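K.L.:
The numbering of the sequence shown is my numbering, which starts it at 518 and goes up by one.
Hint data in this document are derived by calculation from the structure and do not stem from the laboratory. This one's a predicted model, so the numbers in the text were calculated from it and none came from an experiment. Worth double-checking, as some hints may not be accurate.
Claimed, not checked - Under the rule of at most 25 Å between Cα atoms (straight-line distance), these lysine-lysine pairs were calculated in the BS3-like manner:
1) 527 - 562
2) 614 - 546
3) 574 - 592
4) 614 - 562
5) 656 - 638
6) 665 - 614
7) 527 - 546
8) 665 - 636
9) 656 - 636
10) 678 - 688
11) 671 - 635
12) 546 - 592
13) 592 - 614
14) 594 - 636
15) 546 - 574
16) 562 - 592
17) 635 - 656
18) 594 - 556
19) 546 - 556
20) 594 - 562
21) 566 - 614
22) 592 - 541
23) 574 - 614
24) 556 - 574
25) 562 - 543
26) 574 - 594
27) 541 - 594
28) 594 - 566
29) 566 - 556
30) 556 - 597
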Amino acid sequence: IQLCQNFIDKFKVFEQAKEVEGLKIKYEKRMGYEADLAKMRAQEKEYLKEYDFEAAKMNYSAYLNAYSELPAYMKEKVAKELERVEAVRQAYLNEEKEWEELLVYINDTLPEIPDKIKKIKEFVRNNPSGRHEEEANLKLSELDSEYKQWAIIKKEEEQLKEWEDLLLSLKN
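Make the full structure from the sequences, and use the hints.
P.N.:
Now the structure itself:
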């Protein structure tokens, strides 16, 4: 922009100065659009801290509606931001669904404790947001003490089975 202004100041009597003036206006508008986009991204960040996906999306949609004369490249950039926010929302919803399903699985009496522990560890590993990490660690510590009791019972059951098998083989 400054180069354009310098050119215009030096060569204002020439026809090219008018062309450069047009370029200067174009660059100023482009910088304004980029500044707007940066502000919207900062606002989005604040909305997403509270998981307010609708407000984050509205942030971009309102801009598109308010500035219908935006150049195509800028409309595309804003549309991509909207798509990205929607993808973040979907990932959030998927993680919440997985967590709820995991809680049902953990509370079910059928799966064995090692399987429950494995599922919790997989969940934490596969969901780096860390939103449920504290609760998952709490569940792991609860299951750890249950696992110790479970392991003792399993070992006793195995020993009993061995004795039964031995007695059965001695009878035959």
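K.L.:
Find the hints from earlier in the document that the structure breaks and name them by number, from lowest to highest.
P.N.:
1, 2, 6, 13, 14, 25
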